[in-house]
Each structure stands twice: as structure tokens, then as C-alpha cells.
Amino acid sequence: MVWFSLLYWVWIILGGILIGAGVHFIPVGGAPAAMSQATGVGTGTTMLAAASGLTGLIGAGSAYASSGGNFAYTIVMGGVSAALMISVLAFIANVMYVYGAGVPLASAKVKYDPITKWRQDLYVSRGTEGHGTPMSSFISGIIGAFLAGVGGALVYFALAASYAGISGFNATFGGYPAPYYVSLAAAFAIGIFFLNCVMASYNIGGTIEGFHDPKFRRLPKSIVASLVVSAVGGLFALLIVVMLPGGI
Amino acid sequence: MDPQMMVELGALTLVGAAALIAGVAEDLESDVGSQSNPNSQVQLAPQMGYLHRLYNKAISGEPASYPFYAAIGASTALSVLSVTGNSGLIGVFFALVAGAFVTSLIHGVYATTSYMGRLASQSRFGQPIYLDVLRTHTPVLMAHGFVANFSVLLLSWVLIAQHFSPFPFVVLAFIWGIALGGVGSAVGDVHLGTDRYYQDRPYGSGVNAAHSGSVVRKAESGLRNSIDCAWFCSKFGGPLTGLGFGLVVYLHFWKEVVVTSWWSALAGVIIVVIFVIMNTYLERYSRQRYGTYKEEAEE
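Protein sequence lines correspond, in order, to chains A and B.
First residue of the first sequence? That's 1 in my numbering, and the numbers climb one at a time after it.
First residue of the second sequence? That's 249 in my numbering, and the numbers climb one at a time after it.
Derived from the structure by calculation, the hints contain no laboratory data.
Keep in mind that the hints are not guaranteed to be accurate.
Said to hold, decoys possible - In silico DSBU-like cross-links for lysine-lysine, where the CA-CA straight-line distance does not exceed 35 Å: (1) K215/A x K111/A; (2) K542/B x K466/B; (3) K483/B x K542/B; (4) K542/B x K117/A; (5) K483/B x K466/B; (6) K215/A x K117/A; (7) K542/B x K215/A; (8) K466/B x K111/A; (9) K221/A x K111/A.
Stated by the list, open to error - A few chain A residues that face chain B, going by a derived Cβ cut-off under 8 Å, partial list only: (10) G42; (11) T55; (12) G61; (13) L219.
For every residue, glycine included, the Cβ atom is placed at its ideal position computed from N, Cα and C.
Build out the structure end to end from the sequences listed, making use of the hints.
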């Protein structure tokens with residue numbers, strides 16, 4: 001007896017890989033960025049990816065509900081919403097660096113910005129590894145958030161479509177409008193999102209500036225790790241329905 | 249204009265305003281409590297021989313602690329609602345207040361144990377535990393946390409009541425808590441970490457890694473405490489954080505309210521492109537205005 005569609009499992013694995021890959025694109029400065037000591041947005045790898053990717057999940061959830069489960073619309077809205085969140089966040093943080101800390105936006109990992117071709121090393125203040133989110137990191141962050149958002153939306157779509165098919169899961173609790181399967185799918189999607197974010201952040205180990213950072217070359221290892229962890233996590237998420245009333 | 253859209257835009261304005269207040273209060277709370285990224289400097293200071301009167305609580309990163317506060321508040325509010333059964337405006341309002349109140353109590357417990365625990369572990373460096381700092385700062389950060397959490401609960405409730413999101417209340421509050429913590433830690437902390445903690449260093453430069461831990465310990469009058477830092481950061485860091493989180497929440501739903509279906513994806517892409525263009529101008533402005541730190545040796 002097959003309790004779940006194999007395709008949904010593949011989507012969860014693919015979504016996990018996209019989340020893990022997306023985290024590598026997102027420019028993360030970590031704690032040093034708050035002292036303008038490192039290029040990137042000043043918060044942890046996992047947390048920044050989760051903040052943008054899960055905002056994408058809200059977009060994907062609304063899109064899934066409003067379109068009646070349209071696959072393409074759900075995942076595109078997930079990606080676009082996440083990219084929107086990180087572009088606002090990185091821009092406002094840059095306003096803070098320029099007007100609050102009085103530093104130009106610069107990267108210490110490359111001499112010239114790969115996109116704008118602007119000189120970088122002269123604008124890095126003494127004893128720091130760059131500050132703010134310059135253009136190539138900014139674009140990299142948008143790409144990363146888009147990938148992470150699409151990945152999160154894929155996971156959510158697979159889980160929601162899988163749970164919605166179970167009898168009783170379309171019911172609602174009291175006067176509450178959201179059916180059970182939305183809650184369950186959102187909770188498990190957040191879980192799988194965090195699994196992959198944490199795997200990727202161990203791979204990055206601290207800070208990363210984006211696709212031009214030498215650490216970006218570690219990406220293939222992360223993809224393998226994401227594949228394994230999403231396969232196991234996704235299997236549990238899909239098989240959990242067996243244990244719930246009305247599961248079989 | 250479609251009347252339904254007008255109602256939705258009105259609700260969205262309320263949501264944006266609540267998000268703005270949440271952002272401001274969240275950042276100021278993290279300044280009073282010295283949570284998140286700049287806490288690394290406060291934590292390091294006694295080890296470098298700089299004893300201080302700053303509050304020191306790193307319960308966890310802001311994007312980790314705020315979703316849990318929000319989730320606790322949302323669960324409490326739902327419990328209160330299920331007991332009172334009053335789903336009218338007043339009933340919901342007081343349920344959200346009750347949720348935020350319970351959250352701030354838990355926040356206070358965490359803050360107290362965190363302050364005592366962290367400073368007790370630094371006794372080998374001679375760092376005293378100031379009970380007056382604990383007594384004066386803890387209620388202030390609980391109050392800021394209350395405002396931030398109430399605003400997150402309010403905006404999540406309005407989003408659900410207006411059917412902006414199908415997600416359940418607790419999950420939605422949880423996710424917006426992560427986003428709030430992310431914005432607060434990425435934007436507001438820079439003002440505290442780069443500027444306020446290192447005010448004796450020249451303005452307009454990143455903090456040299458060699459100076460890590462040498463935070464400013466003297467205030468305009470007397471010794472500096474963390475409430476002074478919140479006063480300073482309320483001038484720029486706090487409001488900018490509020491603007492950031494307000495924009496994140498407002499633009500996220502604006503693109504889904506004003507246009508529908510695939511047009512909202514297109515609207516999202518256009519907004520992203522606008523931010524990329526604005527960032528290009530900002531980067532060019534900063535380079536032209538501030539100039540280079542070192543001379544070009546040879547090309």
C-alpha cells in the first residue's frame with residue numbers, strides 16, 4: 001500500500017536542496033556585521049534565510065489557498081515574496097550603514113565588484129572585512145532568497161496537497177477558517193526549512209558574501225547533505241499521516 | 249475603486265502601522281537588554297579588562313526569541329478567547345493584551361536568569377552583578393517587549409480576520425516573529441554596535457577588530473547603562489528598524505491586495521527591481537560622499 005505520492009516526496013527533496021543552495025547565496029555578516037566588521041546583513045545564516053524564506057512561505061500559503069492549489073503560482077509567489085523581503089531588509093540595513101554608521105558599502109573578498117565593476121578594497125576601513133551589502137551581494141541575496149522561497153513553497157505545496165487528500169483534514173476547528181491540513185503543512189514546512197538552513201549554515205561556518213565569496217565553492221557538499229536530510233525529513237513528514245486519525 | 253479593496257487597504261494600513269511600532273519597540277528592547285549581535289562586545293568586555301554597567305542578556309538571537317514569544321502570546325490569546333468566548337472587538341483586544349502580558353512575564357524571567365547567569369560566569373574577570381541595573385532595566389525591556397509582541401499579535405490577528413493569510417494564528421505570529429527578529433537584528437543593531445558602543449572611536453569607519461570588547465563605559469553624565477543606549481538608538485536605529493519591518497509586512501500584502509493572480513508576482517518583481525535601483529544609487533552616493541580609506545598604491 002502506498003500511503004503517499006512519490007512525486008510529493010521528490011518535491012520535498014528538491015525543495016530542501018533549493019533551500020540549502022539558497023542559503024549559500026544570501027549575504028550573511030553575522031555578529032561582526034553589527035560592528036561594521038563584515039560584509040553582509042547582520043544576523044545569523046540560519047536566521048536570515050529563515051526570516052526571508054518563511055516570509056515567502058506566507059506568500060506561498062496565500063497563493064495556494066487563493067488559486068486552489070495552482071502549482072506554478074504557489075512556488076513563484078513563494079520565491080517572489082522571499083526576494084521582496086530580503087531586498088527591503090538589505091536596503092534598509094544599507095541606509096543604516098550609510099547614514100547611521102557613516103561607512104561606504106564595500107566587500108573585502110574581491111577587488112572589483114563583479115556586477116558594477118566598482119573598486120572595493122580602497123573603501124574597506126582598517127581592521128574590518130568590509131561593511132554593508134554592496135551590489136553583487138545584494139543581487140546574490142535576492143537570488144538566494146528566491147531559491148529558498150521557491151524551495152519552501154515546494155515543500156509546503158507537497159505537504160499541503162498530500163494532507164488535503166486525507167479524509168477529515170479539510171475540516172476546520174470551530175469558527176476558524178483555516179482547515180487542519182494548512183496548519184500541519186505549514187508546521188512541517190517550517191521544520192524542513194530549518195533542517196536545511198542549519199545544514200547549510202554549518203557548511204558556511206560564519207559569514208559569506210554571496211556567489212563571489214570563495215566559501216561559495218562548498219555548495220556541492222551542501223547539496224548532498226540537503227538531499228539526505230530532506231529525504232529523511234520529508235519521509236517522516238509524509239508518513240506522519242499514518243499515525244493520525246483517518247490516516248489510513 | 250472596489251469597496252472590498254478599500255476595506256482591505258484600510259486593514260493593511262493598520263497592519264503596517266502595527267508592524268512599524270513592533271519594529272521600533274523590538275529594536276529598543278534589544279538595545280536595553282543588549283541582545284543579539286552587539287552583545288558579543290558586551291560579553292567580551294570584562295574578559296578584556298573593561299568592567300561595565302551594561303545589561304547583558306543574550307537569551308538567544310532575536311530571530312529565535314521573538315517567534316517563540318509571539319507563539320506563546322498567540323497561544324495564550326487563543327486560550328483566553330476560548331474561555332471568554334467573546335470574539336467581539338473588545339474580547340479580542342483583551343485576549344491579545346493577555347497574550348502579550350504573559351509573554352512579557354516569560355521575557356522577564358528569561359532576562360533575569362540570563363543576566364544573573366552570564367555575569368556570574370564572568371566573576372573570574374572581576375565583573376560585578378549590579379542589582380540596581382537588574383532592577384531598573386528588566387521592567388524597561390519587559391515593557392518594550394510587551395509593545396513589540398502586542399503589535400505582532402495584533403497584526404497577525406488582523407491578517408487572519410481579513411483573510412489575508414490562511415495560516416493559523418500561532419503559525420502566522422511565529423513567522424512574523426522571525427521576520428521581526430531578523431529585521432531588528434540586521435538594521436537596528438548596527439546603530440548600537442558600530443556607533444553607540446564605540447562612540448569614542450572616529451565616526452565613519454567600521455570597528456577595527458583589534459578594538460573588540462573596548463566598549464564605551466562612561467556616559468554623558470556618570471557611568472553608562474543600557475537605558476542610555478536605548479535613548480540614543482531611539483533617534484535613528486529604532487525608527488529605521490520600524491520602517492524596515494513595516495515595509496516588509498506592508499509591501500508583502502500590498503502586492504496581493506492591489507493586484508491579484510499573476511499580476512501580484514509581477515508587482516513583487518517590480519518592487520524588487522526598484523529596491524535594486526535605489527541600492528545602486530545609495531552605494532554610489534556613499535562612495536562619492538565618504539571617499540576611500542586608503543590611497544591607491546599602484547594600478
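For each hint, the structure was consulted:
Between K215/A and K111/A the CA atoms are separated by roughly 16 Å; this keeps the pair inside 35 Å, and the hint holds. For the given pair, K542/B sits about 31 Å from K466/B by alpha-carbon distance, which is consistent with the 35 Å threshold. Distance check on the hinted pair: K483/B and K542/B sit about 31 Å apart at the alpha-carbon level, within 35 Å; holds. Our distance criterion of 35 Å between C-alpha atoms is met by K542/B and K117/A, whose separation comes to about 19 Å.
Restraint check: the Cα-Cα separation between K483/B and K466/B comes to about 20 Å, which is no more than 35 Å; the hinted pair holds. With a CA separation close to 21 Å, the supplied pair K215/A and K117/A stays within the 35 Å bound. Proximity of K542/B to K215/A is assessed by CA-CA distance (about 27 Å); at most 35 Å being required, the pair is judged to hold. Under the criterion of a C-alpha separation no larger than 35 Å, the hint pairing K466/B with K111/A is inconsistent with the structure, at around 39 Å.
For a cut-off of 35 Å, the pair hint linking K221/A to K111/A stands: about 27 Å separates their Cα positions. Using the Cβ-Cβ criterion of 8 Å, the hint placing G42/A at the interface with chain B is satisfied: the shortest such distance is roughly 5 Å. Below 8 Å, beta-carbon pairs count as interface contacts, and T55/A has one with chain B at about 5 Å; its hint therefore holds. The interface hint given for G61/A holds, since its Cβ lies 5 Å from the closest Cβ of chain B, which is under the 8 Å cut-off.
Taken as an interface hint, L219/A does not check out: its beta carbon lies about 23 Å from the nearest beta carbon of chain B, beyond 8 Å.
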